[in-house]
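**Student:** For the record, the sequence lines run as chains A and B. Note that the first sequence covers residues 1 to 162 in the working numbering. Note that the second sequence covers residues 1001 to 1270 in the working numbering.
You may find that some hints are simply not true.
With a cut-off of at most 27 Å between alpha-carbon atoms, the simulated DSSO-like pairs for lysine-lysine come out as follows [as the list claims (entries may be wrong)]: (1) K113(A) x K1008(B); (2) K143(A) x K133(A); (3) K62(A) x K113(A); (4) K143(A) x K113(A); (5) K151(A) x K1008(B); (6) K62(A) x K133(A); (7) K143(A) x K1008(B); (8) K113(A) x K1002(B); (9) K67(A) x K1021(B); (10) K1002(B) x K143(A); (11) K1008(B) x K1021(B); (12) K113(A) x K79(A).
Short derived list, chain B residues pointing at chain A, Cβ under 7 Å [unchecked claim]: (13) Q1006; (14) K1008; (15) S1010; (16) L1016; (17) K1021; (18) V1028.
Calculated directly from the structure, the hints in this document are not laboratory data. Just so you know, even glycine gets a beta-carbon here, dropped at the ideal spot from N, CA and C.
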Amino acid sequence: MSLSRVQQEEHIRHILDTYGDLMYHMSLSIVGNASDAEDMVQDTLVTYVSEAPDFPDEAHEKQWLVKVVRNNSLMLLRKQKNRERILSEQAKVSVGKDADYGIMDVLRTLPEKYRSVLVLFYVEEYSVEEIAKVLRHSVSAIKMRLQRGRKMLSERYKENGQ
Amino acid sequence: MKAEEQLKQSMQDMHLSVEAKNRILSNVLAETADTKPEKRPFYCSPVFRRVAGACAAVIVVLGIVFAVTVMRNGGLSEKDSSAPKETSENVLAMDAQSTDSVYVFSISPQDRIEYDGTPDITYNSPDIKAPNSELAAPNGKTDYKIIGWSVSPEEGPKEGENANSTTAYNVWRKEREVTEDQYFQKLLTLAALERELKEKLSGKTVYVLSFEKNGERYDATILVTGEEATRYGYVGMEDVPSSGTRYHVVLRRNETSQMLEIDTMEEISD
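Start from the sequences, fold in the hints, and give me the full structure.
**Tutor:** Shown next as structure tokens:
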């Protein structure tokens, strides 16, 4: 894929408009931090431009972006020495007027393997089969994670008095 | 509202703002301004990996087949080079080169000599076609088979029985009766035929070159050496129960080492 500077800018903007929120949500569910999530989206796009992969269709391109942003976010999380500090700081981040931080706080208490599945299924409306492809797990494993994650989310949400 | 519905609504409220998108875009462009897209090397592409994997698999399979073939051939060659086989071939070669002291067998290039580990040497002549081929019996029966030929040095005539022979070899034509009829259950030997022919052709040395069944007759190719010339001949042996064995001998003069003309036709009967 050899594009001029203008074409490249248009292409990146198109990617951001189409998949920006998807990548942002995925990263946010992992790192729990809006600024870090934005950084992960940016790193993912840098990788995208640098490697210039060829995709047979948009579905593959979308899967690639989700996988890379998830991996980047997990790597960042591993690098953090103090997760508690991250969790305490993330509450201070202002992301929007109508944002409900209660459910997000509860989400961040779940293990990462449940968070990604819940976000992809309920927020991005992926099918179970699509999630299995992106996360490279079996459909039955995804169904199990979805069921357990939903149960944990619901229980902890109620425990917090929401 | 359920927790998952709440999650969806909250997440949808969180989105990249226009400012954030512009910031990300400018940063991405700045970071990639001096770097050209780094194409992955060809050997990292999935297609190359699949092709390379398939080629490697084919090479491994071919290598295994080659190794097995080499090992098998090695085993056979080792078996073929065993002493008994060489001995049998040498014996027959020596006989073929001899002219006056041993029986001479005709061995054409397409003949196959097998050594099965026993003292007998199975001699399969293409003239017989197949060892198990059915042949018409004199009485019209077709219920016996030739199961092979063998050369038995130890069963040849004793020294003294044939003055010109230092080592005698009998060619045994092995027949197996399929039914209970014992008429063809016998072994015919060239040595026996030769001895009989020598009595009829006194003063001449007779060698039987080949011997085969031809219809209801047993035909043999003989070599007759006398005072005048060396002649090749054909012998037809007809087994007539009422009058005994009848031999038909056709001699040909050997002038150009080829069998060209018929000299005489002599019937030697009882």
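**Student:** Are the hints correct? Go through all of them and say.
**Tutor:** These are the hints, each one checked on the structure:
Pair hint K113(A) plus K1008(B) holds up; C-alpha atoms about 17 Å apart against a cutoff of 27 Å. Using a Cα cut-off of 27 Å, the hinted pair K143(A) and K133(A) holds, with the two alpha carbons roughly 13 Å apart. For the proposed pair K62(A) and K113(A), the alpha carbon gap of about 20 Å is at most 27 Å, so the pair holds. For a cut-off of 27 Å, the pair hint linking K143(A) to K113(A) stands: about 12 Å separates their Cα positions.
Distance check on the hinted pair: K151(A) and K1008(B) sit about 15 Å apart at the alpha-carbon level, within 27 Å; holds. With a CA separation close to 11 Å, the supplied pair K62(A) and K133(A) stays within the 27 Å bound. Of the pairs offered as hints, the one joining K143(A) and K1008(B) holds, with about 18 Å between alpha carbons and a cut-off of 27 Å not exceeded. Straight-line distance between C-alpha atoms of K113(A) and K1002(B) comes to about 21 Å, which keeps the hinted pair within the 27 Å bound.
In summary, the hint linking K67(A) to K1021(B) is supported, as the alpha carbons are separated by about 20 Å, within the 27 Å threshold. Proximity of K1002(B) to K143(A) is assessed by CA-CA distance (about 19 Å); at most 27 Å being required, the pair is judged to hold. Between K1008(B) and K1021(B) the alpha-carbon distance is near 22 Å, which keeps this suggested pair within the 27 Å criterion. For the proposed pair K113(A) and K79(A), the alpha carbon gap of about 18 Å is at most 27 Å, so the pair holds.
The interface hint given for Q1006(B) holds, since its Cβ lies 4 Å from the closest Cβ of chain A, which is under the 7 Å cut-off. For K1008(B), the shortest C-beta to C-beta distance to chain A is roughly 5 Å, which falls under 7 Å, so the interface hint holds. The criterion of a C-beta within 7 Å of any C-beta in chain A is met by S1010(B), whose closest approach is roughly 4 Å, and the hint holds. Because the smallest distance between the Cβ of L1016(B) and any Cβ of chain A comes to about 5 Å, under 7 Å, the interface hint for this residue holds.
At a threshold of 7 Å, the smallest CB-CB gap from K1021(B) to chain A is about 5 Å, leaving the interface hint in force. Given hint, V1028(B) at the interface with chain A, holds; its Cβ is 5 Å from that chain's nearest Cβ, closer than 7 Å.
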